[in-house]
Amino acid sequence: MKEGFGFRSLHPIVIGTYYAGGITFGMLLFHPLILLAGWAAAVIINVHLDGGREWRKWSLPMLIGIVLIVVVNPILSHRGRTVLYYLGDIPITLESVIYGVTLAMSMLNVLTFFVTYRLTMTEQKFLYLFTRISPKAALIAMMAMGLVPRLRRRMQELMLIQRTRGVTVLEGTIAQRARNGARLIGTLLSWTLEDALQTADSMQARGYGTGTRSSYLDYRFRMRDWGTMGGLLACSALLLLTWGNGHGFMVIYPRLGSFALSLGDGVALAAYIGYLLLPLGWEWRDRRAWLITNYGR
Amino acid sequence: MSGKSRRRSRSLPSVKWIIVPIAIAYLALAYLSLQRGNSLLIGIVLVLLSIIPFLLRFERRERKARELMLIAVMAAVATVSRIPFATLLPGFTPVTFVVIVSGVVFGAEAGWMVGAASALVSNLFLGQGPWTPWQMFAWGLAGYTAGLFAHRSGWRRGRLPLSLFGAAWGFLFGWIMNVTLALDQWVQTHSWEAVVGKYVTGLPFEIIHAVANVFFILTFGPSWIALLERYRRKYGTLERLETLEEGTYDEQTSVVQ
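Residue numbers (this note's numbering), protein chains in the order written: chain A, 24 to 320; chain B, 149 to 405.
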């Protein structure tokens with residue numbers, strides 16, 4: 024049911040465009056306030072799509088990453104006019120601290136946004152999109168992906184069985200564990216290569232390579248896709264226009280500029296947030312439609 | 149299948165040319181962005197562009213299902229091989245080893261594909277991010293260069309030359325992954341000191357990676373190469389290409405044996 028609902032029901036091309044643009048803008052804009060707003064929008068999308076479950080899983084690694092960037096940047100970069108204090112001989116400048124924070128915000132923004140990618144861009148959609156551009160590579164990626172869960176199960180099985188004869192990665196010295204781990208992988212490899220041969224022959228027998236490949240799901244480009252695409256393009260055009268005129272990023276070096284948003288920055292911010300939240304409109308609309316048809320409210 | 153999708157599929161070859169205007173627009177954007185002191189975009193755009201020639205080369209040839217399957221299996225095994233090692237040291241991964249061995253046995257192009265596919269697929273499980281294209285690039289190149297280095301040479305497949313090669317890639321991989329932040333550091337400060345500082349902070353991970361590569365190649369290199377060599381013959385794949393390219397290939401393999 025989820026696939027035909029709201030954001031997820033959009034055409035792969037629209038979703039692909041959305042993510043390409045969202046990431047690009049996240050990298051183009053370099054103003055802590057705009058990036059903070061973008062991050063908030065990404066969190067809202069996460070919450071709407073799966074209640075923020077996937078996002079929470081990623082929050083710890085993301086936190087470690089941004090703390091690292093924030094800490095390391097002022098230590099390595101000494102540019103800037105305003106020296107806060109000296110760490111031994113090293114001058115820590117305000118500009119460098121702010122730059123580090125902005126860079127970390129930018130990373131956090133893109134990463135949080137990327138979490139939703141996994142929720143909306145299913146493998147089917149990915150394959151649909153990339154078979155047009157690079158059919159063989161896309162097929163390989165998808166076959167490998169399909170193999171992974173099976174291999175994982177086998178790996179678990181192997182680990183369990185081999186453990187009874189003392190081949191385990193859980194005990195012993197590091198060298199021994201690594202040796203055992205690689206032995207397990209070797210076994211897994213020969214096991215898998217053996218029956219992958221059959222899969223390949225089965226593909227051959229069903230006519231792989233006799234013509235262009237079709238896709239199992241046929242996505243239609245519907246009215247809502249046209250509407251979303253138009254909205255996304257309009258927002259991007261507005262954003263790029265203001266960006267081209269020099270808005271949407273803060274002057275940090277050599278002297279820290281003002282945090283205040285100019286009118287142009289405001290327009291860029293509005294366009295950016297509008298762009299990010301646009302597909303959620305379908306989420307809200309479908310939720311309403313569901314409530315009205317099922318509960319009459 | 150409906151007639152509609154048939155019609156659409158006939159116009160397929162032209163679709164990939166959509167890449168060209170997009171690439172030009174992105175290059176322009178990245179250049180403008182760089183002029184304003186923001187280097188995040190330029191790195192990722194250049195890396196994505198560098199992937200294109202490899203992809204085109206791979207797509208141009210007709211591939212049998214068995215070849216694709218073999219590459220997919222190697223990529224999947226590289227992905228799964230991260231599991232038993234997740235509890236060991238961070239950075240101690242056999243992925244580079246699997247990619248290098250595939251490059252050595254199956255040749256440069258297949259090696260590139262295994263590397264790039266491993267990066268893409270393992271990140272589908274571990275989390276996609278801006279690092280995905282960089283990993284695809286780095287591991288792809290590891291597989292490609294491994295193919296160039298030892299695919300046609302008997303003695304370079306030996307333990308010692310290959311482990312030196314693996315050690316080099318342990319460092320190169322980390323350095324490639326650090327390019328984004330180093331580039332940012334350079335744009336920020338224009339001082340080599342800061343760039344070098346960035347690289348020095350990452351050095352421990354590179355050393356672990358290099359040690360892992362050397363370890364795996366020393367202990368498992370020859371046996372894995374023998375195993376894959378056997379399957380390559382059994383599958384009867386990825387050999388045809390080489391004989392087309394060079395008639396002398398068969399003699400060379402017999403020398404290797």
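Hints may contain errors.
Quick list of the computed label-pair ranges, beta carbon to beta carbon [to be verified]: (1) A:146 - B:171: 20 to 28 Å; (2) A:193 - B:302: 32 to 40 Å; (3) A:185 - B:208: 16 to 24 Å; (4) A:84 - B:304: 32 to 40 Å; (5) B:323 - A:198: 25 to 33 Å.
Footprint (simulated), chain A over chain B, 3 or more residues, beta carbon under 8 Å [what the hints assert, rightly or not]: (6) 177 to 186; (7) 210 to 218; (8) 250 to 258; (9) 276 to 289; (10) 296 to 304; (11) 314 to 323.
Hints are computed from structural coordinates only; laboratory data are not their basis.
Backbone N, C-alpha and C define an ideal beta-carbon position, used for all residues, glycine too.
### Query
Has the segment 210 to 218 of chain B got at least three residues whose CB is nearer than 8 Å to a CB belonging to chain A?
With 8 residues closer than 8 Å to chain A, the segment 210 to 218 of chain B meets the three-residue bar; holds.
### Query
Would you say the segment 177 to 186 of chain B counts as covered by chain A, given the rule of at least 3 residues with C-beta under 8 Å?
Answer holds; 6 residues pass the 8 Å Cβ test.
### Query
Counting residues of the segment 250 to 258 of chain B whose CB is closer than 8 Å to a CB in chain A, do you get three or more?
The restraint on the segment 250 to 258 of chain B is violated, since only 0 of its residues have a Cβ under 8 Å from chain A and three are required.
### Query
Taking 25 to 33 Å as the hint, is the beta-carbon distance of residue 323 of chain B and residue 198 of chain A inside that range?
Once the Cβ atoms are compared, 26 Å apart, the range 25 to 33 Å for residue 198 of chain A and residue 323 of chain B holds.
### Query
How does the coverage statement for the segment 276 to 289 of chain B fare against chain A, requiring three or more residues with Cβ below 8 Å from a Cβ of that chain?
holds (count 3)
### Query
Range hint 20 to 28 Å: satisfied by the CB atoms of residue 146 of chain A and residue 171 of chain B?
Holds, since residue 146 of chain A and residue 171 of chain B (Cβ atoms, about 25 Å apart) stay within the stated range.
### Task
Tell me if chain A covers the segment 314 to 323 of chain B under the three-residue, 8 Å CB rule, please?
With 0 residues in contact (Cβ-Cβ under 8 Å with chain A), the coverage given for the segment 314 to 323 of chain B is violated.
### Query
Do the beta carbons of residue 84 of chain A and residue 304 of chain B sit within 32 to 40 Å of each other?
holds, 38 Å
#### Entry: Outcome of range test on Cβ distance (residue 185 of chain A, residue 208 of chain B; 16 to 24 Å)
For residue 185 of chain A and residue 208 of chain B the Cβ distance comes to about 43 Å; the hint is violated.
### Message
For the hint 32 to 40 Å, verify it against the beta carbon of residue 193 of chain A and that of residue 302 of chain B.
### Response
Check passed, 39 Å falls within 32 to 40 Å.
### Query
Within the segment 296 to 304 of chain B, is the number of residues with a Cβ closer than 8 Å to a Cβ of chain A three or more?
violated (count 0)
Going through the hint list in order, the structure does not satisfy hints 3, 8, 10 and 11.
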